[in-house]
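Hey, can you work out the whole structure from these sequences and the hints?
2 protein chains.
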Amino acid sequence: MQNETMPNLLIKRAHLTPNRTAIYFQEQALTFNELYERTVKASGRLQALGLRKGQFAGILLKNHLDTVVILFALQLLGVRAVILNNRLTPAELVWQLKDSKASFLILEDTYEETEMVINQQHHPLMTITKSKLSQIEPEEPVIQEEINLNEICTIMYTSGTTGYPKGVMQTFGNHWWSSTGSALNLGTMESDCWLCSVPLFHISGFSILMRSVIYGMPMVLHEHFDVERTIKDIQLKKVTIMSVVGTMLTQIVEALEDRRLPNFFRCMLLGGGPAPLPLLEACVKKEIPVFQSYGMTETSSQIVTLSPEDSLKKLGSAGKPLFPSQLRIELENGEDAKSGTDGEIIVKGPNVTPGYLNRPEATIEKIRHGWFYTGDIGCLDEEGFLYVKDRRSDLIISGGENIYPAEIEAALIAHPAVIDAGVTGINDEKWGQVPAAFIVKKEGIHVSIEELQQFCLERLAKYKVPKAFYFIEQLPRNAAKKLLRRKLREWV
Amino acid sequence: MQNETMPNLLIKRAHLTPNRTAIYFQEQALTFNELYERTVKASGRLQALGLRKGQFAGILLKNHLDTVVILFALQLLGVRAVILNNRLTPAELVWQLKDSKASFLILEDTYEETEMVINQQHHPLMTITKSKLSQIEPEEPVIQEEINLNEICTIMYTSGTTGYPKGVMQTFGNHWWSSTGSALNLGTMESDCWLCSVPLFHISGFSILMRSVIYGMPMVLHEHFDVERTIKDIQLKKVTIMSVVGTMLTQIVEALEDRRLPNFFRCMLLGGGPAPLPLLEACVKKEIPVFQSYGMTETSSQIVTLSPEDSLKKLGSAGKPLFPSQLRIELENGEDAKSGTDGEIIVKGPNVTPGYLNRPEATIEKIRHGWFYTGDIGCLDEEGFLYVKDRRSDLIISGGENIYPAEIEAALIAHPAVIDAGVTGINDEKWGQVPAAFIVKKEGIHVSIEELQQFCLERLAKYKVPKAFYFIEQLPRNAAKKLLRRKLREWV
Chain A
24 MQNETMPNLL IKRAHLTPNR TAIYFQEQAL TFNELYERTV KASGRLQALG LRKGQFAGIL
84 LKNHLDTVVI LFALQLLGVR AVILNNRLTP AELVWQLKDS KASFLILEDT YEETEMVINQ
144 QHHPLMTITK SKLSQIEPEE PVIQEEINLN EICTIMYTSG TTGYPKGVMQ TFGNHWWSST
204 GSALNLGTME SDCWLCSVPL FHISGFSILM RSVIYGMPMV LHEHFDVERT IKDIQLKKVT
264 IMSVVGTMLT QIVEALEDRR LPNFFRCMLL GGGPAPLPLL EACVKKEIPV FQSYGMTETS
324 SQIVTLSPED SLKKLGSAGK PLFPSQLRIE LENGEDAKSG TDGEIIVKGP NVTPGYLNRP
384 EATIEKIRHG WFYTGDIGCL DEEGFLYVKD RRSDLIISGG ENIYPAEIEA ALIAHPAVID
444 AGVTGINDEK WGQVPAAFIV KKEGIHVSIE ELQQFCLERL AKYKVPKAFY FIEQLPRNAA
504 KKLLRRKLRE WV
Chain B
24 MQNETMPNLL IKRAHLTPNR TAIYFQEQAL TFNELYERTV KASGRLQALG LRKGQFAGIL
84 LKNHLDTVVI LFALQLLGVR AVILNNRLTP AELVWQLKDS KASFLILEDT YEETEMVINQ
144 QHHPLMTITK SKLSQIEPEE PVIQEEINLN EICTIMYTSG TTGYPKGVMQ TFGNHWWSST
204 GSALNLGTME SDCWLCSVPL FHISGFSILM RSVIYGMPMV LHEHFDVERT IKDIQLKKVT
264 IMSVVGTMLT QIVEALEDRR LPNFFRCMLL GGGPAPLPLL EACVKKEIPV FQSYGMTETS
324 SQIVTLSPED SLKKLGSAGK PLFPSQLRIE LENGEDAKSG TDGEIIVKGP NVTPGYLNRP
384 EATIEKIRHG WFYTGDIGCL DEEGFLYVKD RRSDLIISGG ENIYPAEIEA ALIAHPAVID
444 AGVTGINDEK WGQVPAAFIV KKEGIHVSIE ELQQFCLERL AKYKVPKAFY FIEQLPRNAA
504 KKLLRRKLRE WV
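Chains as they are written, first to last, in my numbering: chain A, 24 to 515; chain B, 24 to 515.
Bear in mind the hints are in silico, worked out from the structure with no lab data behind them.
It is possible that some hints are incorrect.
Copies of the same chain are indistinguishable here, so a pair counts whether it falls within one copy or spans any two.
Said to hold, decoys possible - Only pairs whose alpha carbons sit at most 35 Å apart, straight line, appear in this in silico DSBU-like list of lysine-lysine: (1) Lys337 to Lys260; (2) Lys336 to Lys64; (3) Lys336 to Lys453; (4) Lys261 to Lys308; (5) Lys453 to Lys153; (6) Lys64 to Lys361; (7) Lys308 to Lys361; (8) Lys261 to Lys337; (9) Lys124 to Lys389; (10) Lys261 to Lys309; (11) Lys337 to Lys64; (12) Lys260 to Lys336; (13) Lys76 to Lys64; (14) Lys260 to Lys308; (15) Lys361 to Lys76; (16) Lys336 to Lys261.
This is the structure we're talking about:
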């Protein structure tokens, strides 16, 4: 097949435009050539450590220039990156590392405790901190001059209705098509510069990295979101595009007060769940161009985005599917929903994952006849614009992080005092949503809310720990004993 | 494979941005939705005529809105377009129609004589003129909602060293990747508008059509190149990009005199053979941004282009290969040439043809291990910029048209008074190059230059007819009797 191979992305970019700025991080600015040279050195170190083409390597790092270098170094070697969410607990991380059969784990120096726990539990894995890695004498790396678009580039874990996280396989082709699909929608110009303060371990952040190299565009990388620094850097670094989730945009709107973003700023690409209409209206008032979008780890970032000319006219819509992608609204009987009628959002396209790592059954369940079943509910208007009504009935989106109730319920039920547990999202002014738990206690055993929270904290990332607990007699279940989370939400 | 299918291009574009202008032609402007509706109707007529998915249909048309509609209508039906050069003689056309096994031929009303000749010679083919087609009652067309990137979209004929034209298969994927590769190089913006006055039957023109639909960008279509209309329309229609060959650019530079192109004009994309340095320097002086490029029918348009930032620094270079593509300079011993050393230009990438229609041997000869052997000579400088030294030793490029000496030689030898003939290119101020013929006459038979010219005119497109004739005793041939065209050029 002719369409399968392509030059290694960073090598090609460094060859095409070596002197363009690739990345701004803290006080540094690196050209693509400098980034490439640093990456070659890092790949030599990783090879000296023992990493080889085709292996899986866990990456547990913060937003940092070094992370960018390591991620590209893995691409040079043909090693697949299992990109881990650094907010997870050691137990959660061990689970994902085992599941992905990762041979190595590269992690922050400050994650010593995590490293210890992982080393106790996960023997066949070799861990190394960032600073130890930097002390290794680099070998001459065996560089993959070409990539195969069907090969796995990255693995990102996402939970599902079962509560067990699944590794989403993202191929080089998925990232490439996502990137070019977005370019055809937003346009690309020489003056473009993309601000990334969303995590690199999420597809929202990682996709900016890929766009930077594919477009030949600088990215401004922040360690984390800081509203004043955002406003300052947009001006200073001439940022034209920024990826945001609702809570970030809310803070920007508030912090701006009477100020305006500069004219060269082209758009806020808004993902991570439907945005409240008042926020979008506030942005219109402050002349902040917002492009709503809809996507997920499985679609390698946005798959539906509102075009520039429709961003005002269709406020609240996520737009239309990117050029290479397709979307349908399917009714329970398998037919297409008429416009205005709700149904399950199903999508197709070269940016959609080929499936879940080592999970053929889950893959078959979610991808049927080439269509990926998102589980989300939405409808199309007469012109074909998507309105996302409800994310997967069980999904809680909190500050851009996806939280799956089943995972929290499983943790809660492990507590000796808990017979049954149900979790749902409740509205939160700052985070959009936060999880709340309904608990059925064992008779005669006392347990406090604080105790349950502490119990969760040891097992779950902090953002997953319920913010509210309700003790009840019995959970609402249907005849088949299936938990009716809809009912829980009504109860809140 | 996930990367194989995509929505039908025009359907998708009309869905995404129905109200954007698709095309300006004469006094008309059509939106993508209007273009789509017209195309659906045309496809209903073509279906009523008998055209079906998978067939080949010859297209012998001029640059016109109707041509655009017919070309897209064929895509809607899944019919492959054999796009014919309307400057060819009936005999040449018959050859290509037979070779491609075309079932239909759609042609201009004014090509009556051509139609007659074709109908006499090529029985299994059904011909229909444009105006007769427009009178057919349209059926409800069976529309291909999806395209397969590996399917043939178009066939364009190109001659070779043998003198027999070969049909270059261009897949949907070839056009897609060419289009996105170019977008990543030049950028795409909402304000873009591309002027097409090069023929739609050449890849230079057809590729603008594809970009228009893929980018959602208007194209201004001219019937032919007219320098004053060009300058006027650039201003009036806010043209930002124009595809040119050397002779067109020369005329623009001269006609501009003291005038300047407007500031919004971004670039002249210059193809069709190496440009003379004085022309490029004149453009610098007049502030006309020129991006030199290198490509051919087999690469579905440019495969190497000079980036904006290098266009002045590397004057005379064709640039670097587009992002998805690769290039090497190969020595005769199969090794890579060092920088500065001449060798054969070989290229690879998803925009490169899978091969020649019904010509497996020619395909194997030109495409080896995934690399396409262009036959052109060039070298790379130390930074990897391509300098094209010489097109295929036997190729004459005249005003953007490729002329293969072997084809003219074969025509000349058919004359009873000619024993042997050799053709080479001579420099020409207006056309860059024109063919010149060296003739060995039969003893005792008289033949005039006028007679030979007339003989050629009946068999070859006008631009292929030699402008100069030299009668000689013997052609320069090597021991293996191979014609040494290099010698001929020295003799001129």
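#### Entry: Alpha-carbon proximity context of Lys337 and Lys64, limit 35 Å
between (48 Å within a copy, 30 Å between copies)
#### Entry: Intra- versus inter-subunit Cα pairing at 35 Å for Lys260 with Lys336
The answer is both: 30 Å in one copy and 26 Å across copies each meet 35 Å.
### Message
Reference check for the pair Lys337 and Lys260, CA-CA at most 35 Å: within, between, both, or neither?
### Response
For Lys337 and Lys260, the Cα distance is within 35 Å both inside one copy (31 Å) and across copies (28 Å).
#### Entry: Status of Lys361 relative to Lys308 across identical chains (alpha carbons, at most 35 Å)
within (34 Å within a copy, 59 Å between copies)
### Message
Please sort Lys361 with Lys76 into within, between, both or neither, judging by C-alpha distance up to 35 Å.
### Response
Between. Shortest inter-copy distance 29 Å satisfies the 35 Å Cα cut-off; intra-copy 48 Å does not.
### Query
How would you label the pair Lys261, Lys337 (within, between, both, or neither) given a Cα cut-off of 35 Å?
both (28 Å within a copy, 28 Å between copies)
### Query
When no copy is named, should Lys76 and Lys64 be tagged within, between, both, or neither for a Cα gap of at most 35 Å?
within (16 Å within a copy, 53 Å between copies)
### Query
Within a copy, between copies, both or neither: where do Lys261 and Lys309 come within 35 Å Cα-Cα?
both (19 Å within a copy, 30 Å between copies)
### Query
Using 35 Å as the alpha-carbon threshold, which applies to Lys336 and Lys64: within, between, both, or neither?
Between copies only: 30 Å across chains, 50 Å inside a chain, cut-off 35 Å.
### Message
With identical chains, the pair Lys260 and Lys308 could be close in the same copy or across copies; at 35 Å between alpha carbons, which is it: within, between, both, or neither?
### Response
Both. Shortest intra-copy (24 Å) and inter-copy (33 Å) distances satisfy the 35 Å Cα cut-off.
### Message
Please sort Lys261 with Lys308 into within, between, both or neither, judging by C-alpha distance up to 35 Å.
### Response
Result: close both inside a copy and across copies, 22 Å intra and 31 Å inter.
### Message
If the cut is 35 Å between Cα atoms, do Lys453 and Lys153 qualify within a copy, between copies, both or neither?
### Response
The answer is within: 33 Å in one copy meets 35 Å, while 64 Å across copies does not.
Violated hints are absent here; each numbered hint is respected by the structure.
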